[in-house]
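**Q** Sequence:
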Amino acid sequence: MGNEELEAVKKQLAAMKKIELTGFTNTETATAYFQEKEAILEGIVKTLETVTVQERAEVEALKSTVKSLRDELKGQVANPRELSRRELLYSLGKGIAAAWEGNHKALADLSFSPNLKAAENWTNPKDVSWGERGWNVKEKAALGTPMGNMTTNDQYLINPIYETEIMTDAAKKSVMMNLVRHRPMMGPSIFLPTRDRGGVELHWLTAYGQQITGSKPQGAQRVELKAYILAGFIPWYDEFEEDVFTDLGAIFLDEFTESYGQEFDRQCLLADEDPFTGAMAADGVTTVTLGSSDIEDLTWKDFRDAVYKVPAEERKDCAWFLHETVLNHIANIEDAEGRPIWRRPMEAMPGKLDLYPYHEVSIMPQLADIGANTPFAIFMNPKRIQHGNRKGIEIKKFDQTTESMQYGELFLRFRKRDGFLVTRPAGNMVILKTKAASGGGSGQQ
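The sequence shown begins at 10 in my numbering and counts up one residue at a time.
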């Protein structure tokens with residue numbers, strides 16, 4: 010084991026407290042982080058076991074450091090430092106102000122990091138550290154990549170712990186984010202196996218040595234989940250004093266989570282190849298057409314007709330997704346004596362629509378906007394939608410724009426990488442739509 014390896018071990022140990030000193034707002038985030046740290050320490054121990062006698066004294070000192078860190082981690086796992094909401098907003102706002110002003114030391118203290126790669130492969134925050142001469146990159150960079158004190162860099166990745174907290178807030182603004190299946194992505198795309206029902210054939214053998222015939226199972230198909238960069242611009246201002254850091258963090262959190270949560274739902278449900286296709290536009294989805302082109306003729310029986318287009322084994326995990334005005338229309342349908350069929354005026358809104366759960370989604374078509382031949386609701390298992398999550402939220406200052414020159418308005422750009430894919434829509438998803446204005450129409454397709 011050479012001196013270079015020992016130096017690498019020392020650097021790893023020095024970086025052990027890089028992020029957890031900022032604190033955590035929930036135990037789940039803390040647990041995942043400390044498990045990763047323990048894995049790093051385990052790797053260091055295995056490296057130190059390969060030492061020679063000449064290096065024994067220095068290695069014993071390093072082992073002592075590892076033991077001390079492990080004991081400290083055990084205490085932190087049991088009682089992780091709590092980061093209050095106000096502290097989170099203050100630190101996030103301080104980081105945004107530092108990125109705007111190019112204060113690299115403040116960014117390093119907050120565990121923000123420069124993003125040197127503008128294309129698909131962004132800089133890994135673990136590969137960047139702060140030194141006496143500025144930012145240091147630990148990985149071997151390609152020819153031409155800026156190194157050392159990167160004073161010209163103006164795009165930065167947010168502290169990974171803050172990113173986790175931001176996405177937790179974004180999930181509160183989205184209906185779909187807590188329902189779909191999430192896939193971590195280390196690269197621009199991953200291939201997922203998808204198998205239809207009946208992939209494995211079973212056979213009873215009634216005699217010893219009986220031949221099994223026709224037992225070739227239906228193989229799984231590989232589908233590609235791609236991630237693309239999503240960018241947004243937040244109108245900003247450049248007065249950054251310490252007393253407004255909390256407000257800056259709150260503004261960014263509100264603007265990002267609101268817009269991202271809405272866009273997440275749009276890509277899951279309504280997107281039409283821009284660049285993803287949502288469930289409402291996916292190929293192979295079954296369509297059930299109402300008997301009328303007028304949405305006012307919609308009844309709860311139309312929903313019952315639709316759900317039975319999905320097999321029972323799939324149906325048990327399905328739910329309706331529709332706008333609240335459509336749901337309100339169903340709630341106000343009356344019987345022959347003028348009494349609401351679905352619920353009485355004094356009753357709370359039922360949690361199910363004809364035995365199946367529903368979710369009100371604000372981006373779905375409103376009752377007043379539903380014309381002839383218009384899809385307006387979908388019945389599906391949301392786990393059929395795969396979300397690819399590539400870690401990293403990047404912020405960048407934009408002050409040389411037309412709006413800046415004409416009106417003095419500045420912008421903070423944020424970027425994130427995501428992928429969306431609807432899997433196995435055929436036979437598993439049903440869309441409810443109104444009848445075309447002219448022509449016949451069979452009522453169901």
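Worth flagging that the hints you see were computed from the coordinates, not collected in a lab. Predicted, not measured: the structure shown is a model, and the values here were computed from it. In this text, a Cβ means the ideal position worked out from N, Cα and C, and glycines have one as well. Some hints here could point you the wrong way.
Cβ-Cβ distance ranges computed for the label pairs, FRET-style [claimed, not checked]: (1) 193 to 346: 53 to 59 Å; (2) 372 to 237: 39 to 45 Å; (3) 263 to 372: 24 to 30 Å; (4) 181 to 375: 20 to 26 Å; (5) 143 to 422: 19 to 25 Å; (6) 130 to 178: 56 to 62 Å; (7) 128 to 342: 24 to 30 Å; (8) 360 to 241: 19 to 25 Å; (9) 308 to 356: 44 to 50 Å; (10) 115 to 342: 55 to 61 Å; (11) 375 to 351: 42 to 48 Å; (12) 139 to 375: 47 to 53 Å; (13) 240 to 281: 55 to 61 Å; (14) 361 to 114: 53 to 59 Å.
No farther apart than 27 Å at their CA atoms in a straight line, the calculated lysine-lysine pairs in the DSS-like style are these [to be verified]: (15) 318 to 235; (16) 135 to 235; (17) 114 to 182; (18) 126 to 392; (19) 325 to 392; (20) 135 to 405; (21) 361 to 135; (22) 405 to 235; (23) 182 to 318; (24) 444 to 310; (25) 182 to 392; (26) 114 to 405; (27) 406 to 392; (28) 181 to 361; (29) 235 to 444; (30) 361 to 235; (31) 310 to 361; (32) 126 to 400; (33) 181 to 392; (34) 135 to 400; (35) 181 to 325; (36) 405 to 361; (37) 235 to 182.
**Q** Look at each hint and say if it fits the structure.
**A** Evaluated hints:
| no. | hint | verdict |
| --- | --- | --- |
| 1 | 193 to 346: 53 to 59 Å | 56 Å, holds |
| 2 | 372 to 237: 39 to 45 Å | 20 Å, violated |
| 3 | 263 to 372: 24 to 30 Å | 19 Å, violated |
| 4 | 181 to 375: 20 to 26 Å | 22 Å, holds |
| 5 | 143 to 422: 19 to 25 Å | 23 Å, holds |
| 6 | 130 to 178: 56 to 62 Å | 27 Å, violated |
| 7 | 128 to 342: 24 to 30 Å | 54 Å, violated |
| 8 | 360 to 241: 19 to 25 Å | 34 Å, violated |
| 9 | 308 to 356: 44 to 50 Å | 19 Å, violated |
| 10 | 115 to 342: 55 to 61 Å | 60 Å, holds |
| 11 | 375 to 351: 42 to 48 Å | 19 Å, violated |
| 12 | 139 to 375: 47 to 53 Å | 51 Å, holds |
| 13 | 240 to 281: 55 to 61 Å | 20 Å, violated |
| 14 | 361 to 114: 53 to 59 Å | 56 Å, holds |
| 15 | 318 to 235 | 30 Å, violated |
| 16 | 135 to 235 | 24 Å, holds |
| 17 | 114 to 182 | 33 Å, violated |
| 18 | 126 to 392 | 33 Å, violated |
| 19 | 325 to 392 | 12 Å, holds |
| 20 | 135 to 405 | 20 Å, holds |
| 21 | 361 to 135 | 46 Å, violated |
| 22 | 405 to 235 | 24 Å, holds |
| 23 | 182 to 318 | 31 Å, violated |
| 24 | 444 to 310 | 16 Å, holds |
| 25 | 182 to 392 | 19 Å, holds |
| 26 | 114 to 405 | 17 Å, holds |
| 27 | 406 to 392 | 37 Å, violated |
| 28 | 181 to 361 | 21 Å, holds |
| 29 | 235 to 444 | 35 Å, violated |
| 30 | 361 to 235 | 34 Å, violated |
| 31 | 310 to 361 | 14 Å, holds |
| 32 | 126 to 400 | 14 Å, holds |
| 33 | 181 to 392 | 18 Å, holds |
| 34 | 135 to 400 | 12 Å, holds |
| 35 | 181 to 325 | 25 Å, holds |
| 36 | 405 to 361 | 45 Å, violated |
| 37 | 235 to 182 | 24 Å, holds |
Consistency with the previously given hints fails for numbers 2, 3, 6, 7, 8, 9, 11, 13, 15, 17, 18, 21, 23, 27, 29, 30 and 36, ordered from lowest to highest.
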